[in-house]
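Between the sequences and the hints, there should be enough to build the whole structure, so can you do that?
Chains as they are written, first to last, in numbering that gives the first Met the number 0: chain A, 0 to 115; chain B, 0 to 289.
Please keep in mind that the hints were generated in silico from the structure rather than gathered at the bench. Small disclaimer: the values here were computed from a predicted structure and weren't measured. Note that beta-carbon positions come from the ideal geometry of N, C-alpha and C, so glycine has one too. There could be a bad hint or two in this list.
Said to hold, decoys possible - Covered by chain A, according to a simulated footprint, are these stretches of chain B (three or more residues, beta-carbon under 8 Å): (1) 17-30; (2) 188-195; (3) 273-286.
What the hints assert, rightly or not - Below, a sample of chain B positions facing chain A; criterion: calculated Cβ distance under 8 Å: (4) K147; (5) S148; (6) G198; (7) Q199.
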Amino acid sequence: MTRLPFSFAALIAMSGAAFAHAQLESASPPVGGTVDPPAQISITFSEGVEAKFSGIAVSGPAGAVPVGKPSVAPGDNKVLSVKVGKKLAPGTYTVKWHAVSVDTHHTQGDFDFTVK
Amino acid sequence: MALVVALLTAHPAFAHAVCGSRIFPATLGIDDPGVGDEVALPTVTYLPTNGDGVNEADVSFSYTKTIFPNFGLSISDGATFLNGQGWGRDDLQLNAKDNFFCIPEMEFMGSIGVTADIGKTYTNGMGNDFNTYSPTIDAGIGFGGLPKSLNFLRPFAITAEASEDVPDRLFTDGGPNSYNFNWGFTVQYSLPYFNSNVGQIDNAFVKHLIPITEFTFSRPVFNYAGPAVTTGTIQPGVIYAASTWQFALEAVLPLNSASGRGVGVVGELHLYLDDLMPDTLGRPIFGANK
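In structure tokens:
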């Protein structure tokens with residue numbers, strides 16, 4: 000087998016410290032979940048994200064929902080959150096997010112949750 | 000060795016791609032529609048009986064380097080073991096590929112490229128005596144744009160590929176070197192996409208799985224001996240996609256007796272260098288955004 004110009008073992012060893020595309024691991028409210036009116040929307044990503052270049056928008060039955068500036072949790076830049084600017088009425092809401100991981104890879108997605 | 004057999008058994012490794020909310024994983028039977036810094040090491044294939052009626056095993060690697068953000072070069076090589084006939088190195092394969100469009104809202108992207116199979120790469124190798132050039136087009140589309148009323152269909156994606164093999168010599172030892180038309184497609188259901196966009200999956204293992212079935216076909220279209228027979232494989236399997244690597248395992252079901260007999264298997268470990276080493280090997284040589 001032809002030898003590659005780098006070590007396969009080294010690649011595997013490095014994987015624990017690597018950065019990557021930030022993928023949604025979990026969210027609060029949960030993706031597709033039914034909840035009481037949330038005070039904030041939080042998304043936990045697989046990688047650290049840059050709050051300055053990331054965003055969360057929420058829309059519902061009455062249109063766009065005012066939310067605060069996105070921020071990452073102190074000491075854990077994998078969690079991106081926004082505060083919800085008003086109490087949400089019952090209904091289905093859509094969260095649209097985009098994230099830039101700390102190594103500048105872009106990802107995006109959207110999901111619904113329901114307020115009971 | 001017949002070119003068609005080489006095409007069916009080489010199983011070169013392919014890259015992963017991102018467009019909008021969709022991450023297309025690296026697939027084994029056909030290429031994915033994107034370009035990225037990646038290495039597949041190894042890809043291992045076992046066929047109980049190949050199209051020539053021989054028990055076969057293959058091992059190969061592939062390395063892709065982006066030159067520009069949407070343009071990359073690949074090198075692939077490997078070895079083939081034929082039971083009763085010994086083993087040999089496969090032809091070296093070089094590929095250039097350009098990801099020329101991505102429509103994020105539609106999760107729709109496509110690439111064009113060309114692969115050169117370098118004949119006589121190795122003395123006593125298993126490859127051909129002539130070069131073959133294969134212009135290729137790849138495309139992929141996710142179903143994420145479907146209405147939310149069809150939410151459970153949104154994790155589906157389809158990718159497809161078509162190529163034409165053009166040998167640089169019409170005959171070898173009096174036998175024709177055929178031009179072949181190759182095509183294939185994949186149907187995949189991304190549980191990572193489901194977890195991100197449809198409904199939360201609490202099982203940490205399951206939410207990384209992508210069930211997939213690949214279909215590959217090849218048919219001689221010019222300069223061939225005997226009747227033109229379409230050969231191919233159907234490859235149901237699953238991909239485990241982590242943040243920086245993936246592992247794929249698929250069964251290999253021959254389309255007909257000309258494609259082989261029995262159920263084979265192909266597996267591959269694939270490393271995303273753009274995620275593993277974003278500041279070094281994993282970034283384009285020119286035009287990186289950092």
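Do the hints match the structure? See the list:
With 4 residues having a beta carbon nearer than 8 Å to a beta carbon of chain A, the segment 17-30 of chain B meets the requirement of three or more and the stated coverage holds. Chain A is given as covering the segment 188-195 of chain B, and this holds because 3 residues of the stretch bring a CB closer than 8 Å to a CB of that chain, at least three being needed. A count of 7 residues in the segment 273-286 of chain B with a Cβ less than 8 Å from any Cβ of chain A is obtained; the coverage claim is therefore met, three being the minimum. Proximity of B:K147 to chain A holds as hinted, the smallest CB-CB distance being about 6 Å (cut-off 8 Å).
With a cut of 8 Å, the hint placing B:S148 at the interface with chain A is violated, because the nearest CB-to-CB distance is about 11 Å. Taking 8 Å as the C-beta cut-off, the interface hint given for B:G198 holds, the closest approach to chain A being about 3 Å. Satisfaction of the interface hint for B:Q199 is found here, the shortest Cβ-Cβ separation to chain A being roughly 4 Å, below the 8 Å cut-off.
Hint 5 from the list above is the single one not met by this structure.
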